[in-house]
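The task is simple: from the sequences and hints, build the whole structure.
Number of protein chains: 2
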Amino acid sequence: MMKQFSCSLIAFLLLVTSVNAQTKVMGFQDAHAVQQLDWEKKFDGQLQASNLDQWMKFITSHPHHVGSPQDKANADYMAALYKSWGYDTELATYYVLFPSPKTRVLEIVGNKNYKAKLDESVLAADKTSGQKAEQLPPYNAYSADGDVTAELVFVNRGIPADYDELARMGVDVRGKIVIAKYGGSWRGIKPKVAAEHGAIGCIIYSDPADDGYAQGDSYPDGGYRPKDGVQRGSVMDMPVYPGDPLTPDAGATKDAKRLDRSEAITIMKIPVLPISYEDAQPLLQSLKGEVVPASWRGALPITYHVGPSVEKVHLKLAFNWDIKPIYNVIAKLKGAELPDEWVLGGNHHDGWVNGAADPVSGLVAQMEEARAIGELVKQGYKPKRTLIFCAWDGEEPSLLGSTEWVEDHQAELKQKAVAYINTDGNSRGYIGAQGSHTLEPFFNEILDQVTDPQTGVTIKERKYAQTLVSADKGSRAKLFGNKNYKLGALGAGSDYSPFIQHLGIISMNLGFGGEGDGDQYHSVYDSYDFFTRFEDPGFAYGVAMAKVKGRVMMRLADADVLPVDFSSFYKVVNEYTGEVKALLEASRNETEAETRMLKENMFTLTKEPGKTYGPPAAKDAVPFLNFSSLENALVQLKNSTDEFQKLYSKGISLSADKKAQLNTILYQAEQSLLQQAGLPRRPWYRHEIYAPGFYTGYGVKTLPGIREGIEQRNWKEAQAHIEIVAKTLETYTAQVNQAIGLLR
Amino acid sequence: MMKQFSCSLIAFLLLVTSVNAQTKVMGFQDAHAVQQLDWEKKFDGQLQASNLDQWMKFITSHPHHVGSPQDKANADYMAALYKSWGYDTELATYYVLFPSPKTRVLEIVGNKNYKAKLDESVLAADKTSGQKAEQLPPYNAYSADGDVTAELVFVNRGIPADYDELARMGVDVRGKIVIAKYGGSWRGIKPKVAAEHGAIGCIIYSDPADDGYAQGDSYPDGGYRPKDGVQRGSVMDMPVYPGDPLTPDAGATKDAKRLDRSEAITIMKIPVLPISYEDAQPLLQSLKGEVVPASWRGALPITYHVGPSVEKVHLKLAFNWDIKPIYNVIAKLKGAELPDEWVLGGNHHDGWVNGAADPVSGLVAQMEEARAIGELVKQGYKPKRTLIFCAWDGEEPSLLGSTEWVEDHQAELKQKAVAYINTDGNSRGYIGAQGSHTLEPFFNEILDQVTDPQTGVTIKERKYAQTLVSADKGSRAKLFGNKNYKLGALGAGSDYSPFIQHLGIISMNLGFGGEGDGDQYHSVYDSYDFFTRFEDPGFAYGVAMAKVKGRVMMRLADADVLPVDFSSFYKVVNEYTGEVKALLEASRNETEAETRMLKENMFTLTKEPGKTYGPPAAKDAVPFLNFSSLENALVQLKNSTDEFQKLYSKGISLSADKKAQLNTILYQAEQSLLQQAGLPRRPWYRHEIYAPGFYTGYGVKTLPGIREGIEQRNWKEAQAHIEIVAKTLETYTAQVNQAIGLLR
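Protein chains in written order, with my numbering: chain A, 1 to 744; chain B, 1 to 744.
Do not take every clue at face value.
Mimicking SDA-like on lysine to any residue, the simulated pairs with C-alpha atoms at most 20 Å apart in a straight line are [claimed, not checked]:
no., chain 1, residue 1, chain 2, residue 2
1, A, 473, B, 621
2, B, 611, A, 454
3, B, 473, A, 293
4, B, 599, A, 471
5, B, 473, A, 583
6, A, 611, B, 532
7, A, 414, A, 664
8, A, 473, B, 618
9, B, 611, A, 470
10, B, 473, A, 159
11, B, 288, A, 221
12, A, 473, B, 588
13, A, 478, B, 588
14, B, 473, A, 587
If you are wondering where the hints come from, they were derived from the structure by calculation, not from laboratory data. All values reported here derive from a predicted model rather than from experimental measurement.
Written as structure tokens, this is what we have:
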């Protein structure tokens, strides 16, 4: 009896301890935190993997690209579900330019053995692969129409550095058709850079070294791309602006003012076509000229040459340039206390074909999250702020649905949007997250509280283990103990882009991944059969994503004081500043060395007999830039964010009025990171800290005005943006100081 | 007139300056230096590329492996030529165990489609490729006889680290046949390590990623290995001892005492066969199990798996275990003043088939060098020391000719051999040299005085340009200005091995290369046709090699004081000491990190679903070792070598007697780097500074006793060798001090 009592006491003490440990939630007063954690437990209890399975089966049952019957059917299906879960739901419809292929011809002229197949085989093991009549065949959306015949040149990844190498080999692509490997940049960069160099056509293929048998067994034996699998995708010049090419900065409503197609600068200037590696091999074998540099090699069983080819290649493409309706599903749950503060979540619903991994895996996790919240509401849960779940249409062609909706509602969003949380494809493995760095401590708290379905440790613990296991043996020692998950920076790979890049709304992008067995990205084989065999069998990581994102959404909706940490932002901007300085220094050192080597004739002395590879072009000297304004602004920012950090916990005790003022500053401060004039040559992109690279596409460039100025040797622009970023940070610091004023 | 006079004066002054600049030759008093340079100019004038061409055509006209008629014919041909050039020439004949294939079968059991071809096609473009009856077919010499049938496992390069990876994947090779890629180690390591792990057979193939179409166009379109090209080669356990397996440490004379074959520990324990990538592909495709780690992938158009295979593989090999005669050509030119000081040069003459690049390209350069010296003698040139040119037989099977001759003459060589200068294959490109580091300044002086045939700058200048051009862009800045060519360390890749490793004779190995277009190493396609199209058309770099090696030989033969620089030796041993310390530290850090990760379960937490890849085995902690004896020895060595350096120039003014004493110390000091007990488990290897790696083969391990102790986690042995090396350096320092005594 005594013993039993003692055990119960210990158990009780343990419980108290563990409740105490768990009841601290960033931004919540203690009593609210206890409630919140209780709702989260109930939320977890609601989540059912079988729902994800059932919805994925329906949504991926037919091709569901923009303009397809299934696309509309899916929007209606989801709208009906959201309504049934208690959401105020609408279809937000826009009308966008959406080209689809009419003619696709690729052949070697006069060679009967090579006319590209441009088609993906029907596989018995993949039930939807045979829906030929409903599929969009492989193509690149927003390619130009064209009928070109020319010699072929291999340009590796097709990025600017590759053309520098080609120039050293004496190869010019003017008047030629280029063939580039997928990878190393967003696909739209390849034809853009090709056109800048005078090419008249562009072919993009998936090399098996990157995306095929070299990586693992081909589908359907394994999950890797088979020989005739093709990656579709947009080649619109998204780094200039995304969304409908005809309505920049405005919603593409039925009666919107539209540009003429000839005025739309984001439509590619030359014809572009994606092909499989089976189709690519004869083209690559037709190339003469130098053998490629070692880093350019792929995994086809041939010697890769840069070309040009002797035989000419004929590429003929024509498209239906239709205006099509797109249907965003917008589902709202009105906030009980602060209905005009919106917490948004989104995932697109259109696919290139059946689109199971991309995007339905993330979409169905969000649906289950919304359904579970609907159930909580029935049990009495009342979100303080308004929750809005969005299922975007037309993401694949270039973020059409999200961009048009954001452009259409920009004034309201700037006022009301607290944050936008994006998901897209999701599969088994490790958490991956990018976003506004003010949310980093908040997000880490959640990663500490959600369990990994495969191992039973927390999501954060497993990610930490992976960081160590995948690190160089020599660099592991310094990684121990630092379990903080560092958010990546946001580029433009999915629907968060208009929110953060155009409006400066705090954003995140979340996804699990890294243990899916292969990929069928943008192919007919990205199907329910593929996904459930190779990516997330049983949808365990779909449920885990619902748990993570559900917490992010609900905590943002319910926080007393928004969980925004300005110090994390300071830290990362300070790091980025260090990076651009180092980049400038490296550029100076490399330029000086190369200039000296040119003077001392070293490149000519090392020219191989019989090879054309010559010296690089001479470069201008790298000047010293004046970073002082930025450095001074960083000192101010550090001082203010340190001070804010000390005072943050006082926010909870503020009066309702002052708390409201504080929260508004907390979520709108990010907007002061925008520069209304936008970035050079692309005014749509206004964020001075994060942007997609002008020459990388999806890939982010942090401090883009400075970094790209240095990369492109535009020293004046780099210097100008040092001043702009400094001023931007000063404005941001003023916001932080206002928040401090409220807290003092 | 005035003007003309002034011009002549300037010309005169320039001439004086330039003569002065050129008349400093290390180890020569000024008047002798002028003479020496004059003879070198005459020497250069003698060299004719057409001789190299003519001799290569004859020597490669038929397969000339050990025991072939052409092998003997070549020895006779060369002996007659050397005699005609004025050399005292003999054939030094030994009788060695030389296995040749009787039966070779490789097949997948029960699979009619796979019976390995094991044969290289006849090519019209390659005139000697059709000499089928005379060729040794592809095989590995000193493989065991065997008839084995078992599942197959892919072991990547087949080095110990690969078996650690396999263990993590749950793959055991006991009772299996392994297939390994060529590369990453000397070939003999692969079956040795396989046998240590319990494998019963070993197949080695050339992957096209390393040696085939991935690198460049296949022969005969380009110079890279074609699909059925095979690399022959020895798999004798050379890191234990090279040369005839039956007569270790003794010359294999007719009546030498021989081991029984069963006692010869250097004969491989399991059957081993080399195959082409065409023959390898079906074997690799038969493998099941895990997909290989990314770094193990080759360039065949398949997904590489580790295995085991389901179908069994049958490997049957039998050999003729004959004793064959080998014929070394030894050609002497007696020294006029110091006939008992020998300067030796050597290159082997046997090939695996027609052997044009390997070895005849280097052989004919040496012949032209010797012929030109013979011509100088007719003009009055009298080498001070004796010059000996050697054409070794049986290098390919495992340095048979050189090792037996060195073992046979060891007492005399220790007394008389000043240095041994080796060459082997040679092709266009850049100088490559390894050797005793005391010769580094001497060799650099020569590189400054020989012109690169392709660019007209000095050999050294072109090598310097290559160092910068091939360096990382970020690391170039620190390379400017340092034109010193750093000698590599000698392993066991060619006939220098018995000289330096067994006897401690100062040695070098020289070759141009890096711009040959491909390689047909140890294949029937290493032919005159191949070599003259792709490797050194016109033999310009053969002539350049004669110029470089001719200078090395003649300057060593004629120097007043031998050009030995002890300080360079100190510098390099000090560097090696830093390396082994860093290796120990890295091992400690890596072990600590891995141990902690095992404790924290990180490898289990990151196990991929459905994969067998598990945690690494636990490792013992890395102790701290006591380096103080070695550090103290290095301080003494530094002090003495610094002092010697200051006094070196005084050597020229010594009396003849003292000068003779000094020279003897200079060339015999290297012998004090030997440890008579030899290295652990291989007493034949006695050099404490340089040795071939026990688990790398050709590849050198510097401070081998310490370094391999650390690598193999044999801490006691590492500590013991720190003491041994310290004592060795003390003995060496004593030699330096003796030299200082003579100079004071």
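Comparing the hints with the structure gives:
The suggested pairing of residue 473 of chain A with residue 621 of chain B holds, with an alpha-carbon distance near 16 Å, which does not exceed 20 Å. Pair hint residue 611 of chain B plus residue 454 of chain A holds up; C-alpha atoms about 13 Å apart against a cutoff of 20 Å. Of the supplied pair hints, the one linking residue 473 of chain B and residue 293 of chain A holds, its CA atoms being roughly 16 Å apart against a limit of 20 Å. Simply put, residue 599 of chain B and residue 471 of chain A have alpha-carbon atoms about 17 Å apart, close enough for the 20 Å limit, and the pair holds.
A C-alpha spacing of about 13 Å is found between residue 473 of chain B and residue 583 of chain A, which places the hinted pair at or below 20 Å, so the restraint holds. Straight-line distance between C-alpha atoms of residue 611 of chain A and residue 532 of chain B comes to about 17 Å, which keeps the hinted pair within the 20 Å bound. Using a Cα cut-off of 20 Å, the hinted pair residue 414 of chain A and residue 664 of chain A holds, with the two alpha carbons roughly 11 Å apart. Proposed proximity of residue 473 of chain A and residue 618 of chain B is supported: the alpha carbons are some 15 Å apart, at most 20 Å.
At roughly 16 Å between alpha-carbon atoms, residue 611 of chain B and residue 470 of chain A fall within 20 Å of each other, so this suggested pair holds. Of the supplied pair hints, the one linking residue 473 of chain B and residue 159 of chain A holds, its CA atoms being roughly 19 Å apart against a limit of 20 Å. For the suggested pair residue 288 of chain B and residue 221 of chain A, the alpha carbons sit about 12 Å apart, so the restraint of at most 20 Å is met. Using a Cα cut-off of 20 Å, the hinted pair residue 473 of chain A and residue 588 of chain B holds, with the two alpha carbons roughly 11 Å apart.
With a C-alpha separation of about 14 Å, the suggested pair residue 478 of chain A and residue 588 of chain B falls inside the 20 Å cut-off, and the hint holds. Distance restraint check for residue 473 of chain B and residue 587 of chain A: the Cα-Cα separation of roughly 10 Å lies within the 20 Å cut-off, and the hinted pair is therefore satisfied.
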